[in-house]
Structure formats: C-alpha cells, structure tokens
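First to last, the protein sequences are chains D and C. Following this note's numbering, the numbering of the first sequence begins with 53 at its first residue and continues without gaps. Following this note's numbering, the numbering of the second sequence begins with 826 at its first residue and continues without gaps.
Hints in this document: simulated from the structure, not taken from any laboratory. Hints are supplied without guarantee of correctness; some may be wrong.
Said to hold, decoys possible - Examples of chain C residues toward chain D, derived with CB under 10 Å:
#1 S849
#2 A871
#3 T872
#4 D910
#5 P916
#6 V949
#7 E964
#8 K1014
Everything numeric in this text was worked out from a predicted model, so none of it was measured. Idealized CB from N, CA, C, for every residue including glycine.
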Amino acid sequence: MIINSRFFNRSELTGFIVLAAVLFVILPLSLDVFRLNLVAKYLTYAFVALGLVLCWGYGGILSLGQGVFFGLGGYCMAMFLKLEASSVENTKIQSTPGIPDFMDWNQITSLPLFWQPFHSLTFTILAIILVPGLFALIIGTAMFKRRVGGTYFAIITQAVAAILTILIVGQQGYTGGINGMTDLRTLKGWDIRPDHAKVILYFVEVVLLFACIGIAQFIRLTKLGRILVAMREQEDRVRFSGYSVANFKIFAFCMAAVFAAIGGAMFALNVGFMSPSFVGIVPSIEMVIYTAVGGRTSIFGAIWGAILVNFAKTSLSESFPQLWLFGLGALFIAVVLAFPNGLSGLWADYVQPRIDRLFARKPKSGWNGNSVADGAPAE
Amino acid sequence: MGMAAVPAITMLPRASFAQAPATSAVNTTGLAVTDTEVTVGILHSATGTMAISETGSIEAEKLAIEQINAAGGVLGRKIKFIQEDGASDWPTFAEKAKKLLVNDKVAAIMGCWTSASRKAVLPVVEQYNGMLYYPTFYEGLEQSKNVIYTGQEATQQILAGLNWIAKEKGAKTFFFIGSDYIWPRTSNKIARKHVENVLKGKVVGEEYYALGSTQFNSVINKIKLTKPDVIFTDVVGGSNVAFYKQLKAAGIDLAKQPLLTISVTEDEIDGIGGENIAGAYACMKYFQSLDNPNNKAFVPAFKKMWGEKTVIGDVTQAAYLGPWLWKLTVEKAGSFDVDKIAAASPGVEFKGAPEGYVRIHENHHLWSKTRVGRAKLDGQFELIYETADLVEPDPFPKGYQ
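Just chain D, same shape as in the assembly (with noise of 0.2 Å):
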C-alpha cells in the first residue's frame, strides 16, 4: 500500500492505519451481527462529527443546529425507503393503499406532490446531498454575508433546529409526526432488515466514512484548509489580505451539512427508522459533545469520539438502566475539565511521543535493544 506521505503525516498515518484496521477487520471479526449494526449506528454520527472538525473545529463556525441536516438527510432515504415499503400489497388493510400508513391515520388520501420524486432512487441520492447543502448554503449566505457570527450563529442554528423538529411533529401527515417513519423494509427490492444485509450496509457506510475523510483531508491540506485555520485565529486578518471570509465559512458550513446528511441517510438504512427526535436541539448538542470529547481539531479523534460516546451510552443504559445518564454526564464533565483537547489531545500528548520515541529509536534497537527498554520509561 503506498500512501503518498505528504497527504498524512505521521501520526495521521497511525490514525488511519488504526482506523481502518479496527473498523475493516477487528469490529466484523469479533462482534456479533446485532454489535456490528450498533456501530453502524455509531458511525452515522461520525459523519456529523467530520463535519463539525472541519466546520468548528478549522473554521471556528460552531453549529447547533447540525441535527437538522442530519435529519433531511436521512428523512430523504426514509421517504424513499417507506414509498417502497407501502406497495399497494403491502397496505391493502388502508383505506387508501399504496400510500404510506400515517398518511392514511391522517385522512390523507392521495400521495402530496413534493413525495413523487422520491419513487426515483437516483433522485433520492441527489437530493440526500442537495436539498441539506442548498439548505445550508441559503442559512449561510444569509448569515456570514452580514457577518453574523460566533455565538449568535449557534443561537440561529439552535432555533433552525427546534423549528424544523415543530414543522415535522405538526405536519405528520406528510411526515409522520412524533413517531417518524418506521417499518423501513426494502432497498430496490432488496430487504435491509436480515443479517447480511446489515453487514453489507456495514461495509458501505464505512467505506463511505473513509471517502469523507479522505475529502476533509483533502480541504484541511489545500490552501483553503488553512484559511480556514487562519480565519479561526485572526478573521479581520484574513478579511484584510483580501479574501472573501463569507464565502469561506459558507463552504465549511456546507460540507459539514453534507457530511452529516450523508450520515443520516446511513442512519435510516442501517436502522431502518427515521423521527424527529434525531432532528431536534437536544441530538444536535449530542453531535457536538462527541465532537468535543474526540478532539475538534483532529478528524480522527472526533470520529473516536462519536464511537466511543454512543458505545459508553450503550453499554452504560444496558447495566444502569435508571442510572446511566448521570454516569454519562460525568463522563462528559470530565472529559471536558480534565482534557479540553479531548481524546486526540490525551494522544498527542501521551501516547503519540511514546511512538514517536520508539520509531526514532529503531534503527538503534537493531544493535543495542536493550537500551530502549531501560531508557524509554527514564524520560
């Protein structure tokens, strides 16, 4: 395998080498089916917490709001999926077959309008990745054009989020409602729910996570990624020398918008469920807390992040049911108190010179290894 060395550096190449290894070979080998399509679950969130690396974490734009991209992402693959559930065989017990089943609840007779695109899969996957970005491109030209910024951007995006969740919950006839869209069964005929479908949807979406990684890689080391950085530290700096920050920051809002869209409509395959409660303020503070507790300025470490949160979350409600949410609290007080880097920053500060020691010293330990072992722990 080459990789070009100038496209990571050295730790980045640990990240990834880790990375991969975990996700491609350990997780498939040694959990069982039910595990694997947990972190399937896991991982959709990684996606909203790549974007939140290049959005807040270079760009210094913090969004609460990115449920909401999240939410059309995935709502776009749930349309799609719940059209292909409700076939006329399917919903013959309706007054209205062939339309999906809340919209029967709801004395809606006839499939809406702006629903019929979405009988077409190759419209679906367009629209998963245009309707969020064009969303955000409209928030964002309308916000960083009048450079509105910082603190009131979070408050603006906060209430994009609680608005959206109000539209969805109050319009449930085309949306389900409170209880979303469930029963999600077929992918172009074929059944999303058995085990090895969940194992190949595995597959995808992570090969899918490595491809958006190797995008925001891409930005982080073009020249826009470090203007990204730059507009971070110094905005007026930045605006002076004669660059359009607006346009900037619009971009990193945008791919972060699409980044969680594409995450969310992982969502919905993998679980096979989409509902306003992934929608709202509440997840969306969820997906910067993981992006917190990984690190928000390394891709990989906020990817471990959502992991590992939505692993603690997991494992903490199954052996505390009543108890668990304050354990998770803490967790997050703590991580937060003790490591405000996050997770990479614990790495970069511990482990990483550890390994950077052991590969500096290699070439020694071929004539005198014995000498690396005593003189490792002493420094």
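We have chain D; now place chain C onto it with these hints.
The following block gives chain C in isolation, referenced to the frame of chain D:
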C-alpha cells in the same frame, strides 16, 4: 405447579451435560429457558419525559412477576427479568427490543407505552419473532401475531363513554381537544363519526396542541363561545396540568360543564391536583377505587411493594395483566415457543385481573369492560357507570375509518 417443578430440579446434576427433556420439550426455538428459570424482558422508559408515566408500568410488571414466582413460576420455572431503558426515545426502544430478542433471547417482552415506541418496536418483534405485551390504551388500526394488547383500543375506550354521556346528560354538541399526534387524532376521528352518525349530534370544534404545550387560553375562549354540551379531551402528559388549571381559572366549573377525558388517570391527577379536575368524567377500564375482591388484593400488594403514596392508573393495571396473561398462555400452550403462544393466546382468560375479568380475543386484544368515573377531590375516581358486558375489541372498526 410447585410439585411439577421438583422433578426438574432433582434431575439437574445429571442434566447439566445434556439438555433436560423438560426444557427441550417446552423450548424448541432457543429461548432463554433453563430447567429452573425463564427470562423475560421489561422495556420501558426509566429516564426522559415518559419516565413519569412508564414507571407505574414497570412497577406493576415487577409485582406481577414476583407474585407469579411466589406461586411457583411458569411451568415450574422462576421468571427472571432483564430491564432495559427505552429512555423516552423511540429508536432506543427499537435497539433495546432487538438486544432483548437477539442477545438475551427473552421469552417475552413486557413493554412500550407510547404509540411511537410501539411503532418502532413492532418491526423488530415481527422480524425476530418475539412476543410483546403492550399495556397502553391506544388508537387501534394495528394487529400483530407478535403483540398482545392488554390496554383498550380506541373504540373500546370511547364508544361506550360517549353513549353514556349522550344518554345521561342529553348531550348533543361536543368540543374535541387533543394533543397533536396519532392517538388523539385517531380517537377523535372515531369519536366524531360516532357523534355524527350514531348519536346524531354535532362536533362544534376540534383543536390540537403540540405535545408539551401549556397555552390553552384561546381554545378555552372558543369553548366559552360555542358552549358545547360536552368537552371531550385527549390531551396527554404534562399539558394536562396547564389545561385543567387554565380551565378552572377561566371560570369553567366542571360540576356544571360536563367534560369527558380519555387521557387522565390517577397518575395524571397526581400532577394536575384533585381540586383542579374534580367533577370531570374519565372513560377507562380500570380505576384504583374499583370495588371487587381482585382489586382489593391488588391495591394493597402494590402499595406494599412500591410505597403507600403510589397511585394506580388504568395503564398500570393493564401492565400488571401482561406477565399473568403470558404465564396463563404458556401453561395453556405447554410451551414457551412464541409461535405456540401466539396461537394459544385467543381464549386465554384471567380471572384474577384487578379490573375484574379479561379474555384475549382472536385479534390479540382484550375483551374488557368500559367504565366511566368521576374525579374526586382526593385524586381518586368514583365509579359512575360500567358496561354490563365485556366490550369486544375492534382495532379496525368498520364505519369509523
């Protein structure tokens, strides 16, 4: 039953290498059944906004399991339960249901409360062929081999109550107020058809408020303008507190203005306050104050286990039925296999139900009576009316769709 368990236990040392015949006969699908134990799951929200409602169900199910174990268990096996937290989050419910079925291989799940959580869990129990005992009164329009609905479906809850109030109060005009989600909307649809087509009355208003809403002043003004004979409400959860307080503050006296609710049980009155709702009528199948021998044993047992201050609402009682109906069905089927239980369920009757007597219908819902109670100042209901016979469950009512 206690005697039947003895041979199985004495065989244990010998059976530890090979499967005991008893277990292999009653469990052919690899459920978590040993010679001495059978595992079931409890899946409710112990945290989040629904915890306040679902805690009663958890308590009732644990009480039923303890009583069944004290009486010798099921087919000679003690029931062991694994509790999972749905955290008031519907996908979490689905995830935990899957965990219980796939990892823990539970023989049955007692769980879910809101329709949303049931809709999320339903595809999972159908796919992995589990058995769910669902306690809440709900909107109907559903029937599954893998679910036993121990609460009422909409027609069972609504029709008899409307008939009673139309006859007793001569009511002709109705005003509907509900929370905005599937259960109130479907219930009101059924109520509207019944009012218009059967009672030949009129619905003068129908309003919905988002879950958790606390501003009811505009609808209360409309009620004052339209002067309906009956206010019919299915507002749920915390919104009830605001609704009844504002109603009282607006000078609407429930002693004079009939109000029929299908969503307020003793649990909700705990939050609303008896003085704010006294005089309202509730249409349920169970009230804590029911005067029958079963209930007289059930209420003290519940209070002994969970404290003097706990109140028992309709759903709590329905949750208590779950483990008992499952036990009776297992014994009828002579097996823990889900397919056999699903097939044996129709006709299973539980004579020890606190509500009196219940029987499982072909459609996996329960035959039970509809009752109307009037809220008293102390937060209890006084039984005013009950149907003479058990009401047939009809989840897909003809003429009401």
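Checked hints:
no.	hint	in the structure
1	S849	violated (24 Å)
2	A871	holds (5 Å)
3	T872	holds (5 Å)
4	D910	holds (4 Å)
5	P916	holds (5 Å)
6	V949	holds (9 Å)
7	E964	holds (8 Å)
8	K1014	holds (7 Å)
Going through the hint list in order, the structure does not satisfy hint 1, though it satisfies all others.
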